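Asker: Sequence:
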Amino acid sequence: MSLLLETIRIENGAPQHLQWHQRRVTLSSQALWGQRVPIDLHALLTECPQHKSILRCRILYHRHGLHSLEFLPFQPRQIHRLGLVDGSSIDYPWKFADRHSIEQLRTNSSAVDDILLIRDGLLSDTSIANIALRIHGRWLTPRRPLLHGTTRERMLTCGLLFPADLRPGDLQQATGLAVLNAMVGFQELVDWHICHGELNHRLRLK
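Heads up, the sequence shown is in full-length UniProt numbering, so the first residue is 1 and it goes up one at a time.
Hints are supplied without guarantee of correctness; some may be wrong.
So the derived label-pair ranges between C-beta atoms look like this [stated by the list, open to error]:
1) Gly34 - Arg134: 39 to 45 Å
2) Pro76 - Glu103: 40 to 46 Å
3) Val190 - Ala111: 33 to 39 Å
4) Asp98 - Asp120: 18 to 24 Å
5) Pro76 - Leu5: 41 to 47 Å
6) Glu70 - Gln173: 27 to 33 Å
7) Thr175 - Leu5: 42 to 48 Å
8) Gln173 - His64: 45 to 51 Å
9) Pro49 - Gln78: 24 to 30 Å
10) Gly159 - Pro93: 23 to 29 Å
11) Thr26 - Ala111: 37 to 43 Å
12) Gln173 - Arg56: 33 to 39 Å
13) Gln172 - Asp120: 34 to 40 Å
Think of the hints as simulated: they come from the structure by calculation, not from any bench. Remember, it's a predicted structure, so these values are computed and weren't measured experimentally. Even glycine gets a Cβ: it sits at the ideal position worked out from N, Cα and C.
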């Protein structure tokens with residue numbers, strides 16, 4: 001049975017942006033199984049562990065309901081070197097727990113901190129996050145991401161991000177690069193490199 005995954009940031013015992021996770025659970029279950037899965041995240045996470053540091057709540061579920069729930073320490077990944085990788089063969093429209101194809105591409109690129117997927121000639125996502133580029137003072141995010149992340153959707157709705165068809169060449173004119181997911185929120189990278197075969201641009205953000 002296919003398992004879906006939600007990863008939720010727990011801060012001072014409180015789950016963050018829970019309505020956006022619930023929205024994705026509802027949309028995913030209706031699209032995949034033709035019915036709303038019987039999971040109420042607000043009721044499920046009424047009481048979360050109180051902890052001084054950030055926790056990662058990992059929820060696995062299937063068409064009949066909850067499979068498992070666990071709270072894990074969160075250790076943010078330091079990203080400085082991004083490798084451009086062809087991800088045209090990857091299809092990940094829903095947040096499945098099985099991420100083997102994505103992780104395999106990342107494993108094959110061990111010289112970098114993370115990969116940045118190129119799909120149909122356009123920039124997509126890293127292995128764990130949506131991205132945004134600051135170009136001409138506006139933050140642009142790929143119009144067709146690998147996965148519609150909750151932070152990306154929230155920021156698009158608030159008018160803080162704008163969808164665009166972004167190509168690898170746009171990285172050279174970008175004055176900022178950010179990664180977005182439920183755990184880090186919107187994180188602008190401070191010092192980053194883009195690597196692609198013989199291409200190796202060093203881009204520093206002021």
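Asker: Determine for every hint whether it applies to the structure shown.
Answerer: Right, here's what the structure says about each hint:
At about 40 Å, the beta-carbon gap between Gly34 and Arg134 stays in the expected band of 39 to 45 Å. For the pair Pro76 and Glu103, the beta carbons lie near 18 Å from each other, so the given range of 40 to 46 Å is not met. The supplied range of 33 to 39 Å is broken by Val190 and Ala111, whose beta-carbon atoms lie about 20 Å from each other. In this structure the supplied range 18 to 24 Å holds for Asp98 paired with Asp120, their Cβ-Cβ distance being about 23 Å.
The supplied range of 41 to 47 Å is broken by Pro76 and Leu5, whose beta-carbon atoms lie about 19 Å from each other. Between Glu70 and Gln173 the CB atoms are about 42 Å apart, so this pair departs from the stated range of 27 to 33 Å. Here the CB-CB span from Thr175 to Leu5 is close to 34 Å, at odds with the stated 42 to 48 Å. For Gln173 and His64, the Cβ-Cβ distance of about 49 Å falls inside the hinted range of 45 to 51 Å, so the restraint holds.
Between Pro49 and Gln78 the beta carbon distance is about 25 Å. The supplied range of 24 to 30 Å therefore holds. At about 24 Å, the beta-carbon gap between Gly159 and Pro93 stays in the expected band of 23 to 29 Å. The hint said 37 to 43 Å for the Cβ distance between Thr26 and Ala111, and at roughly 40 Å that hint holds. Restraint check, Gln173 to Arg56: a C-beta distance of roughly 35 Å satisfies the suggested window 33 to 39 Å.
Range check, Gln172 to Asp120: Cβ separation about 20 Å, and the 34 to 40 Å hint is violated.
Violated hints, listed in ascending order, are 2, 3, 5, 6, 7, 13; each of the other numbered hints is respected by the structure.
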